[in-house]
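Protein chains: 2
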Amino acid sequence: MSELRRDPVIGRWNIIEAEGPVGPEAFEVARHTPSGGRCPFCVGNEGMTPPEIYTVRPAGSAANGAGWQLRVVSNKFPALKIEGDLDRRGIGVFDFCNGVGAHEVIIETPDHQRQMSDLSLEELSGVITAFKVRSLDLRGDRRFRYTLIFKNFGISAGASLEHSHSQLIALPIVPKRVQEELKGAQLYFEFRERCPYCDMLHQDLQEDERLVCENRSFVALCPFMSGFPFEVWILPKEHRADFAQIGPEAVGDFARVLREVLLRVRTTLSNPSYNFIIHTAPIETREREEYHWHLELIPKLTKIAGFEWGTGFYINPTSPERAAKALREAALPS
Amino acid sequence: MSELRRDPVIGRWNIIEAEGPVGPEAFEVARHTPSGGRCPFCVGNEGMTPPEIYTVRPAGSAANGAGWQLRVVSNKFPALKIEGDLDRRGIGVFDFCNGVGAHEVIIETPDHQRQMSDLSLEELSGVITAFKVRSLDLRGDRRFRYTLIFKNFGISAGASLEHSHSQLIALPIVPKRVQEELKGAQLYFEFRERCPYCDMLHQDLQEDERLVCENRSFVALCPFMSGFPFEVWILPKEHRADFAQIGPEAVGDFARVLREVLLRVRTTLSNPSYNFIIHTAPIETREREEYHWHLELIPKLTKIAGFEWGTGFYINPTSPERAAKALREAALPS
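First to last, the sequence lines map onto chains A and B.
Start counting the first sequence at 1398; every next residue gets the next number (our numbering).
Start counting the second sequence at 1398; every next residue gets the next number (our numbering).
Hints are not guaranteed to be accurate.
No distinction is drawn between identical chains; accordingly, a pair holds when it is met within one copy or between any pair of copies.
[Said to hold, decoys possible] Each computed DSS-like pair below joins lysine-lysine, with the alpha-carbon atoms no more than 27 angstroms apart:
hint : residue 1 : residue 2
1    : K1473     : K1722
2    : K1573     : K1529
3    : K1700     : K1478
4    : K1722     : K1529
5    : K1634     : K1473
6    : K1478     : K1634
7    : K1580     : K1473
8    : K1722     : K1573
9    : K1634     : K1580
10   : K1573     : K1700
11   : K1580     : K1529
12   : K1634     : K1700
13   : K1722     : K1580
14   : K1473     : K1700
15   : K1700     : K1722
16   : K1529     : K1634
If you're looking for bench data, these hints aren't it; they were derived computationally from the structure.
In isolation and in its complexed conformation, chain A is listed as follows (with noise of 0.2 angstroms):
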């Protein structure tokens, strides 16, 4: 069982599993092997997998078989177990909080071989449907406070299985990062009474040299103080707060540039390793002014060393503008 753990200073709450390994062996990174012919996502393995919790499949066909698009199913090794109350308590100075949660894979195409961005259309906003059902089922659960929704790619980016897919992760608290979010969002709210993600992506409009792409309801751009190369989010151009509030037309929408920035960082980049997160407010019933959803997209190019822990700061050997331009300039497969 993993437990949650607190830091008394910085507030940052650790997933510590009890019973982990020990021993050097346990993190050769070189021990990772593909599952090869029997990949649990794969067509034909749904055994292997727990049930599904939500699919995509021709009307008919038996659940738990094959005939499937897409299927989300509970993590067979969570981070957070759905089981049991919470159970928050002091232990002297530090703060504990058992692990409960929800920790789901959806695995988004049969097909072993296709990557994401090579998903159609449909298939896509099948995949993000999917995130937003998701979401909205998880809210009715009282122990939950925050949705997170992600996807690793490579195993560099921290992806253990190859087979193309995205998690899902409900906690029991509102993430630090998010929080910093929120708190800063605030401030800036309360000085200026305006969104910051607005005002951002109203100054990158006006500016253009960080844009990468855009479509009716969407912007991609390199932000301003990018941490990472290549680092590009994706923000509605009205102000939303809440992703899983996302119409049905805002869907394709975001397939669409979603798509367009996937293809443009795999041809820019040759095929990097990446991961994207969805930041997105905190299951509550208030809307907030201040906040604005987005997708935040990292290629994983650079390493995390001493001054990057020491100082929460990054450094980035690429500007955002030649980053942008860059990806404006890829041929894309026609």
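Since chain A is already given, all that's left is putting chain B on it; use the hints.
Same frame as chain A, but now just chain B:
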């Protein structure tokens, strides 16, 4: 020339190099090649580095020639440059600062084959004294607010040269991570009128299960909320906010505990890559009752992925209690 750019929401400054690489080949990790016979930090190659700022060498030996035991030189490829006045300004919604700072390298030994854990107590005391002397000297420069001392060991921890060295960066701003520590410690102090680090230290000395080793002046422990497997902190037993005020006796005790920790980590985890960072108070005149300088060591065993980027939390597969036990039980070379 590099720039500092600030995130308008979370307040993080990143260092961005204006003329850095754009193509994928620039980021190939596999491109890294050890410098082989022409290591700029080896004895005899002193001409390959900028001139000595500080050195330990026999009286009468010529500066920038052979014979030294330790050299401090400017980084040939600095993240920030020492020349120029501070230029801070807004660019629309964004904040900008030119890349002014000092970036020095502490070459710990003339011998390419020796790691930091191979150094004698006297040699390691010399390294710590160099950290102290350079920190105090850079305080004279009114442009600087913080001095960060850190070490990257091993390619996967971000070391670009194999030869044993540490680094020192003086910054015109207080890093985000340090501000978080100061703010959290201040909150704790207002509530309890005690330093939170002193409280952690006393609790761990009492509970015993997270201790790695100790001596007259220092304790090494795996912190309760460790975000990383085998994370080790070294704290002075007496409350001290400012590393650079360390006295000559404590230098020896610090060398002894650091050497033991490095040897225990090396033995337990088969000589892993690691980062360590000295967390200390900003450059200022007042003494802080609420802050406590310490060293944080992170062996490079896990990957940062979408969950960590999205939350600011870390998933740690090895509890600090199990890590501390393994480190305590390591059979050290006699």
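Hints, verified against the model:
1. K1473 <-> K1722: neither (41 angstroms within a copy, 29 angstroms between copies)
2. K1573 <-> K1529: Result: close within a single copy only, 23 angstroms intra versus 33 angstroms inter.
3. K1700 <-> K1478: Between copies only: 21 angstroms across chains, 31 angstroms inside a chain, cut-off 27 angstroms.
4. K1722 <-> K1529: neither (32 angstroms within a copy, 44 angstroms between copies)
5. K1634 <-> K1473: Result: close neither inside a copy nor across copies, 37 angstroms intra and 44 angstroms inter.
6. K1478 <-> K1634: neither (36 angstroms within a copy, 38 angstroms between copies)
7. K1580 <-> K1473: neither (35 angstroms within a copy, 39 angstroms between copies)
8. K1722 <-> K1573: Answer is neither; intra-copy 33 angstroms and inter-copy 30 angstroms both fail.
9. K1634 <-> K1580: For K1634 and K1580, the Cα distance is within 27 angstroms only inside one copy (22 angstroms; across copies 35 angstroms).
10. K1573 <-> K1700: both (22 angstroms within a copy, 19 angstroms between copies)
11. K1580 <-> K1529: within (25 angstroms within a copy, 36 angstroms between copies)
12. K1634 <-> K1700: Cα proximity of K1634 and K1700: none, with 32 angstroms in one copy and 33 angstroms across.
13. K1722 <-> K1580: neither (32 angstroms within a copy, 39 angstroms between copies)
14. K1473 <-> K1700: between (29 angstroms within a copy, 20 angstroms between copies)
15. K1700 <-> K1722: within (23 angstroms within a copy, 30 angstroms between copies)
16. K1529 <-> K1634: Classified as within: same-chain Cα gap 19 angstroms, cross-chain 51 angstroms, threshold 27 angstroms.
Checked against the numbered hints listed earlier, the structure breaks hints 1, 4, 5, 6, 7, 8, 12, 13; every other hint is satisfied.
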